[in-house]
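**Student:** Listed below are the residues making up each chain.
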Amino acid sequence: MEETGDAVKEKKLVFVTVGTTCFDALVRAADAQDLKGELLKRGYTHLLIQMGRGSYIPTKSAGEDGSLAVDYFTFSSSIADHLRSASLVISHAGSGSIFETLRLGKPLIVVVNEDLMDNHQSELAEELAERKHLYCARPQNLCHTIASMNLESLLPYCPGDATPIAKLINRFLGFPDD
Amino acid sequence: MESRNGCCFSDLSPNFITYIIVALAIGILRVLYVMYQSGKPFRHRLPEQPLSTLVVLGSGGHTAEMLNVLSVLQKGRFAPRFYVAAATDNMSLLKARRMEASITETSGFKETSAQFMQIYRSREVGQSYITSVWTTLIAIAHAFWLMIRMRPQVILCNGPGTCVPLCVIAFLFKVAGIRWSTIFYVESIARVKRLSLSGLLLYQLRIADQFYVQWPKLQRKYPRAHYVGCLM
Numbered sequence: 021m022e023e024t025g026d027a028v029k030e031k032k033l034v035f036v037t038v039g040t041t042c043f044d045a046l047v048r049a050a051d052a053q054d055l056k057g058e059l060l061k062r063g064y065t066h067l068l069i070q071m072g073r074g075s076y077i078p079t080k081s082a083g084e085d086g087s088l089a090v091d092y093f094t095f096s097s098s099i100a101d102h103l104r105s106a107s108l109v110i111s112h113a114g115s116g117s118i119f120e121t122l123r124l125g126k127p128l129i130v131v132v133n134e135d136l137m138d139n140h141q142s143e144l145a146e147e148l149a150e151r152k153h154l155y156c157a158r159p160q161n162l163c164h165t166i167a168s169m170n171l172e173s174l175l176p177y178c179p180g181d182a183t184p185i186a187k188l189i190n191r192f193l194g195f196p197d198d
Numbered sequence: 036m037e038s039r040n041g042c043c044f045s046d047l048s049p050n051f052i053t054y055i056i057v058a059l060a061i062g063i064l065r066v067l068y069v070m071y072q073s074g075k076p077f078r079h080r081l082p083e084q085p086l087s088t089l090v091v092l093g094s095g096g097h098t099a100e101m102l103n104v105l106s107v108l109q110k111g112r113f114a115p116r117f118y119v120a121a122a123t124d125n126m127s128l129l130k131a132r133r134m135e136a137s138i139t140e141t142s143g144f145k146e147t148s149a150q151f152m153q154i155y156r157s158r159e160v161g162q163s164y165i166t167s168v169w170t171t172l173i174a175i176a177h178a179f180w181l182m183i184r185m186r187p188q189v190i191l192c193n194g195p196g197t198c199v200p201l202c203v204i205a206f207l208f209k210v211a212g213i214r215w216s217t218i219f220y221v222e223s224i225a226r227v228k229r230l231s232l233s234g235l236l237l238y239q240l241r242i243a244d245q246f247y248v249q250w251p252k253l254q255r256k257y258p259r260a261h262y263v264g265c266l267m
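For the record, the sequence lines run as chains E and V. So for the first sequence, my numbering puts the first residue at 21; every next one is plus one. So for the second sequence, my numbering puts the first residue at 36; every next one is plus one.
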């Protein structure tokens with residue numbers, strides 16, 4: 021009885037993405053044993069890591085006997101499909117990746133890369149975290165963030181709108197409002 | 036003979052210096068006038084005459100934001116449209132082409148009023164500074180060539196660096212009276228507290244006629260900027 025229960029157990033995927041960057045610190049943090057344990061505790065069953073140009077290779081696992089199934093790849097043209105099938109997204113701080121995930125309404129943890137020289141990226145992640153649209157973490161406290169997060173408390177993000185700017189541009193150029 | 040020449044030269048030189056001073060003064064006045072006049076909205080223009088528009092596509096998130104803006108602008112007003120992206124960025128023009136193709140499909144126009152161009156970047160990531168002097172010169176010459184061909188009336192840009200040379204050249208065209216173009220700069224959504232370097236340059240030098248930011252904190256810091264809310 022228990023076995024059949026396991027077989028039909030719903031797949032809950034955690035998708036980690038670093039985009040086109042090299043962000044080994046995040047891949048390494050996602051591959052850590054205690055983080056995987058934390059994900060299991062929260063009911064996730066699969067971990068898929070998009071590792072980009074990084075050189076750290078995570079350990080694959082088929083996920084037998086109740087452990088977390090882990091897989092990875094470097095790049096894919098179907099990132100959107102992976103995002104859609106995920107129950108939780110852990111992403112680098114690129115704006116494209118952040119807004120694509122938010123628009124899909126997926127719970128999101130953004131991990132800021134502290135090795136980047138011009139680290140303006142943390143600005144956006146921190147602002148959106150303040151507005152409760154996502155969680156913002158660093159590689160070293162990602163595990164703690166997962167352990168303490170409450171996904172229910174996240175607020176859905178309303179996609180932005182370009183009409184105010186179009187109005188200003190038209191008005192400046194002397195085109196009538198319509 | 037020699038002494039006469041010398042005498043003539045010393046006769047001329049005060050005049051010559053006056054000419055230079057007058058020319059410089061006129062030049063500075065013209066630059067100040069252009070700076071003053073930039074940022075003033077158009078009032079006396081045929082309202083429905085289309086304006087040739089240069090769209091500078093930044094890459095990645097920048098391109099996505101720009102295409103969002105374009106999707107709500109009336110295409111009949113902004114035509115023809117010239118799209119420019121960095122030569123190393125092959126995704127941006129592809130995305131713009133796709134968007135233009137969908138416009139032609141839905142509007143039923145046979146011909147698209149869009150052109151697509153690539154521009155050299157002055158410096159690639161990791162390139163040495165010595166070789167970048169040479170590549171910068173080539174990039175500037177190429178930008179000049181493109182701008183002379185396009186002479187856009189409207190420039191839409193949102194960083195990063197690719198748009199700066201084009202905007203500076205557009206400003207020089209304004210000073211020289213070649214073409215008056217209106218420059219709209221939209222700071223990226225990723226900038227919450229500080230402007231990007233491109234944004235800061237175009238804001239401080241008053242090259243951008245209209246400067247838009249997507250977060251209220253930035254607007255408070257840069258009062259000439261307009262807050263337009265999030266584009267994404």
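Honestly, the hints are just simulated from the structure, not real lab data. Take these hints with a grain of salt, some might be off.
To be verified - Label pairs and their calculated CB-CB ranges:
1) E:Pro196 - V:Phe51: 47 to 55 angstroms
2) E:Leu175 - V:Arg214: 44 to 52 angstroms
3) V:Trp180 - E:Lys31: 50 to 58 angstroms
4) E:Lys61 - V:Lys256: 40 to 48 angstroms
5) V:Met152 - E:Leu136: 27 to 35 angstroms
6) V:Thr166 - E:Ala167: 27 to 35 angstroms
7) V:Leu129 - E:Gly86: 42 to 50 angstroms
8) E:Thr183 - V:Phe77: 14 to 22 angstroms
9) V:Gln72 - E:Ile77: 58 to 66 angstroms
10) V:Phe77 - E:Lys152: 50 to 58 angstroms
Claimed, not checked - Listed below are several chain E residues computed to face chain V (Cβ distance under 7 angstroms; list not exhaustive):
11) Asp44
12) Leu68
13) Gly72
14) Tyr76
15) Ile77
16) Pro78
17) Ser115
18) Gly116
19) Glu143
20) Pro159
21) Ala182
22) Thr183
23) Ile185
24) Leu193
25) Gly194
26) Phe195
Glycine is no exception: its CB is placed at the ideal position from the N, C-alpha and C atoms.
**Student:** Against each hint, give a clear statement of whether it holds in the structure.
**Tutor:** Taking the hints in turn, this is what the structure says about them:
For Pro196 (chain E) and Phe51 (chain V), the Cβ-Cβ distance of about 53 angstroms falls inside the hinted range of 47 to 55 angstroms, so the restraint holds. For the pair Leu175 (chain E) and Arg214 (chain V), the supplied restraint of 44 to 52 angstroms holds, since their beta-carbon distance comes to about 47 angstroms. Between Trp180 (chain V) and Lys31 (chain E) the Cβ separation comes to about 55 angstroms, which falls inside the hinted range of 50 to 58 angstroms. One distance hint, 40 to 48 angstroms for the beta-carbon pair Lys61 (chain E) and Lys256 (chain V), holds here, with the actual separation near 43 angstroms.
In this structure the hint that Met152 (chain V) and Leu136 (chain E) lie 27 to 35 angstroms apart at CB holds, the actual value being about 30 angstroms. In this structure, Thr166 (chain V) and Ala167 (chain E) break the distance hint of 27 to 35 angstroms, their C-beta atoms being roughly 49 angstroms apart. Our hint of 42 to 50 angstroms for Leu129 (chain V) and Gly86 (chain E) holds, since their Cβ atoms are close to 45 angstroms apart. At roughly 20 angstroms, the beta-carbon separation of Thr183 (chain E) and Phe77 (chain V) lies within the given 14 to 22 angstroms, and the hint holds.
Between Gln72 (chain V) and Ile77 (chain E) the CB atoms are about 59 angstroms apart, so this pair conforms to the stated range of 58 to 66 angstroms. Checking the proposed 50 to 58 angstroms range against Phe77 (chain V) and Lys152 (chain E) shows it is violated: the Cβ atoms sit about 42 angstroms from each other. Interface hint status for Asp44 (chain E): violated, as the beta-carbon distance to the closest one in chain V is roughly 18 angstroms, over 7 angstroms. Residue-level restraint check for Leu68 (chain E) is violated (minimum Cβ-Cβ distance to chain V is 22 angstroms; threshold 7 angstroms).
A cut of 7 angstroms between beta carbons decides the hint on Gly72 (chain E): the least distance to chain V is about 13 angstroms, and the hint is violated. Interface restraint check for Tyr76 (chain E): the shortest CB-CB distance to chain V comes to about 21 angstroms, outside 7 angstroms, so the restraint is violated. Annotation: interface hint on Ile77 (chain E) violated; nearest CB of chain V at approximately 24 angstroms, more than 7 angstroms. With its C-beta approaching chain V no nearer than about 25 angstroms, Pro78 (chain E) sits outside the 7 angstroms limit, and its interface hint is violated.
Nearest Cβ of chain V to the Cβ of Ser115 (chain E): about 4 angstroms, under the 7 angstroms cut. The hint holds. Hint status for Gly116 (chain E): holds, given a least beta-carbon distance of 5 angstroms to chain V, under 7 angstroms. At a threshold of 7 angstroms, the smallest CB-CB gap from Glu143 (chain E) to chain V is about 4 angstroms, leaving the interface hint in force. The criterion of a C-beta within 7 angstroms of any C-beta in chain V is not met by Pro159 (chain E), whose closest approach is roughly 20 angstroms, and the hint is violated.
Interface restraint check: Ala182 (chain E) against chain V, minimum CB-CB distance 5 angstroms, threshold 7 angstroms, status holds. With 7 angstroms as the threshold, the beta carbon of Thr183 (chain E) comes within range of chain V, its nearest partner Cβ sitting at about 5 angstroms, so the hint holds. For Ile185 (chain E), the interface hint holds, the least distance from its beta-carbon to any beta-carbon of chain V being 4 angstroms, beneath 7 angstroms. Taking 7 angstroms as the C-beta cut-off, the interface hint given for Leu193 (chain E) holds, the closest approach to chain V being about 5 angstroms.
For Gly194 (chain E), the interface hint holds, since its Cβ comes within 7 angstroms of a Cβ in chain V; the closest pair sits about 4 angstroms apart. Because the smallest distance between the Cβ of Phe195 (chain E) and any Cβ of chain V comes to about 6 angstroms, under 7 angstroms, the interface hint for this residue holds.
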